[in-house]
Amino acid sequence: DAKTTQPTSMDCAEGRAANLPCNHSTISGNEYVYWYRQIHSQGPQYIIHGLKNNETNEMASLIITEDRKSSTLILPHATLRDTAVYYCIVLRTGNQFYFGTGTSLTVIP
Amino acid sequence: DAGVIQSPRHEVTEMGQEVTLRCKPISGHDYLFWYRQTMMRGLELLIYFNNNVPIDDSGMPEDRFSAKMPNASFSTLKIQPSEPRDSAVYFCASSSAGSGGTEAFFGQGTRLTVV
Numbered sequence: 083d084a085k086t087t088q089p090t091s092m093d094c095a096e097g098r099a100a101n102l103p104c105n106h107s108t109i110s111g112n113e114y115v116y117w118y119r120q121i122h123s124q125g126p127q128y129i130i131h132g133l134k135n136n137e138t139n140e141m142a143s144l145i146i147t148e149d150r151k152s153s154t155l156i157l158p159h160a161t162l163r164d165t166a167v168y169y170c171i172v173l174r175t176g177n178q179f180y181f182g183t184g185t186s187l188t189v190i191p
Numbered sequence: 005d006a007g008v009i010q011s012p013r014h015e016v017t018e019m020g021q022e023v024t025l026r027c028k029p030i031s032g033h034d035y036l037f038w039y040r041q042t043m044m045r046g047l048e049l050l051i052y053f054n055n056n057v058p059i060d061d062s063g064m065p066e067d068r069f070s071a072k073m074p075n076a077s078f079s080t081l082k083i084q085p086s087e088p089r090d091s092a093v094y095f096c097a098s099s100s101a102g103s104g105g106t107e108a109f110f111g112q113g114t115r116l117t118v119v
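Residue numbers (the working numbering), protein chains in the order written: chain A, 83 to 191; chain B, 5 to 119.
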């Protein structure tokens, strides 16, 4: 099963882009990359997912390298409300989401 | 849709008592998941259902834990007897099957404290 590696913590200045990296070097060809975030005491919130093409929605952009061994979540203009733990997940068989330790992002005023 | 609804939001119980956590998934979703979150272990998948049938319960910590899904709109997670180490936030999530990937939607969780 593909595992993910993320930095434990990151800081970002308010208004700047936050770039959160994730390594998933053992990803299989049919496995998707998902990003979730969890704001303190709340349930995890879906952000974005992709297979091999870059994706963008109203919340973020997802850049996946051509070899699919890593990806980057980009929050284009970070706000204080983006302070959260961000999880990168490679979807296993079925729909089970297994969460790692994630990256704790702190947006600094 | 109101999203995934969990009840109660908070539960405090004494060691040895039975605890039942409840979850109403999003209508039309055919997958339902139970997670537990603690500081030490993070988010752990306990069990998941597909079309009301338990598919994988390998994450259930021990026989004191049981989960049921009697119909598509309701699931329970029961702990009997409860122990202090069961104190955690329990999340329920639901999703639908489909090609192209599909996201899971989480409830707000039940914070369980066993004293």
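Among the hints, a few may not be true.
[Stated by the list, open to error] Ranges of calculated distance between the beta carbons of each label pair, as one might list FRET restraints:
1) B:P74 / A:T188: 16 to 24 Å
2) B:F78 / A:I121: 21 to 29 Å
3) B:E22 / A:N136: 47 to 55 Å
I should point out that these hints are in silico values taken from the structure, not numbers from a laboratory. Glycine included, C-beta positions come from ideal geometry on N, C-alpha and C.
To see whether the hints hold, each was checked on the structure:
1. Under the hint 16 to 24 Å, the C-beta atoms of B:P74 and A:T188, about 43 Å apart, miss the expected range.
2. Roughly 27 Å separates the CB atoms of B:F78 and A:I121, a value that falls within the hinted 21 to 29 Å.
3. Separation of B:E22 from A:N136 is about 49 Å and conforms to the stated range, judged on CB atoms against 47 to 55 Å.
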